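One letter stands for each residue in the lines below.
2 protein chains.
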Amino acid sequence: MSLLAVGSVAFDDLETPSGRRENVLGGSATYFSLSASHFTPVAIVAVVGEDFGPEQMKVFEGKPIDLQGLDRAKGKSFRWKGAYGQDLNTATTLDTQLNVFADFHPNLPEATRRCPFLFLGNIAPGLQLNVVNQMAQRPRWIALDTMNFWIEGDREALFEVLKAIDILLVNEAEARAISGERNLVKACRAIQTLGPRIVVVKRGEYGAVLAAPEGLFMAPAYPLEDVCDPTGAGDTFAGGFLGHLASTGSLSLEDLKEALLRGTVMASFTVEAFGTERLAAVTQAQIQERLAAFKAMIRPSGI
Amino acid sequence: MSLLAVGSVAFDDLETPSGRRENVLGGSATYFSLSASHFTPVAIVAVVGEDFGPEQMKVFEGKPIDLQGLDRAKGKSFRWKGAYGQDLNTATTLDTQLNVFADFHPNLPEATRRCPFLFLGNIAPGLQLNVVNQMAQRPRWIALDTMNFWIEGDREALFEVLKAIDILLVNEAEARAISGERNLVKACRAIQTLGPRIVVVKRGEYGAVLAAPEGLFMAPAYPLEDVCDPTGAGDTFAGGFLGHLASTGSLSLEDLKEALLRGTVMASFTVEAFGTERLAAVTQAQIQERLAAFKAMIRPSGI
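Protein sequences, first through last, are from chains L and R. Counting in numbering that gives the first Met the number 0, the first sequence runs from 0 upward without gaps. Counting in numbering that gives the first Met the number 0, the second sequence runs from 0 upward without gaps.
Isolated chain L, as found in the complex (with noise of 0.2 Å):
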């Protein structure tokens, strides 16, 4: 394998305008891997319950997804409920339920210890910088992700991390918040001197800005007629964004904008149907087509 990433795998109850759907398989490292496994082998790092079976590893069967680090523990998997109204941007949590998640420690099996590559998904920083210290070698890049409830909580430990990492991906609010500055560009150059050198902010339907040592580039969202649910995209994103960069090994910018467009695309069609239900079906070539046909819609004329 050549990405590890760490990070939830869990069940899901939706709510959307398009509909309901009960025990969806969610979490940030099936969408991550799921869409990362299109462009390069992925090993999962996580935890599940009892109620985690035949059916649910069925989704990762056939990919190039390593699950040895898939712990499997007594109780429950993590449980999230969540509804979208008309505004699609903005999930409301009606239930957390942490349950084998809540005393998630990543143990890294041996042979993922000098993956090149490393994501660590939405954790607690102290459990993120406990899974960079378990490697046993610096990996060629490290990409993080994490959310409000640890950058105003824990903020001490995710700055000890951040100075750990080479790439951060975070929202608009997230990214505010870490740097305490409200413009974007100053924003993602306040991040870029704690540590992480490229910056990815995640705007949803408005796309994403990449802020590298090079330069900046920014796109748009696919533009789809039918979103069905949202939940994933933003981890969906993250596997095609990481999955590109880790098969080319490249930090470059060319790479880092393939990376995003990339990324972009597969985002587009997790959120097409409910769960990974689009996502874990599609082909190789859908992506290249739609790929091919985003880049046509974002492409200036001239030089």
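The set of hints was computed from the structure by calculation and includes no laboratory data. In this text, all values refer to a predicted model and were calculated from it rather than measured experimentally. Mixed in with the good hints there might be a few duds.
Because identical chains share one entry, a pair is satisfied inside a single copy or across any pair of copies.
DMTMM-like cross-link-like pairs, simulated, lysine to aspartate or glutamate; straight-line CA separation at most 20 Å [unchecked claim]: (1) Lys185 with Asp225; (2) Lys185 with Glu271; (3) Lys162 with Glu276; (4) Lys185 with Asp165.
We have chain L; now place chain R onto it with these hints.
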């Protein structure tokens, strides 16, 4: 002249996180013509009061802006007082005094009635239609701006004028209100069945989306580190967009893309200072430089 613009010339009192300014020259026709004049000769049809003097005239001097159609009426000019908080996307209107604008009945000077390109700024749909009927011949294209006040309050008249136009410029909320569609792509397609074959949706700091018969094009806004005053950004965008289209005479997708990028860049200058301060002073070299930098930030790699 090649591009005729009907709209407002006003005095604004502005309050933003960057400061306050009073009696600043504003209005849709002001921002529009200053912006468009970098690309094509413009003629304005608007009304001002006795408070509009040599100081205001100076802003237009030395630019290819024909003011023959600037009617001087007894009384005061249109006045608007607005404030922006930390979220620069939305203005709070503190006061509106229509003054001479309340009785504005555009009367096109003879010389302007054969303009090949017409922009109908945001005024009552009935007046917009009246302007169309004053033209000696059907312009090669007609573009229109409107607002929720007319979409809700004068829907029938607005839909009548929509039938007569080629290009509609609106923001997201307006696109939804006209079409009844929440999804942006669906909203554009619905509007295209009402008359305008080209729809441009302005999304403020998130850029713009263009729907044309040949396809979609999307671009983010130009990323600024300091936004001083967003007033006039939409009208400046329209001026750059339509100014470029008038200069080429083409509505090909390639020209529409170029036009959208020019509109975006012009708007980025306007918001850097209060009122028309920056827009009125910007040079062709500065425009070209920023346009090139912007294209580099949005151009996908590869082919």
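Are any of the numbered hints broken by this structure? If so, which, sorted upward?
Hint check: 3 fails alone, others pass.
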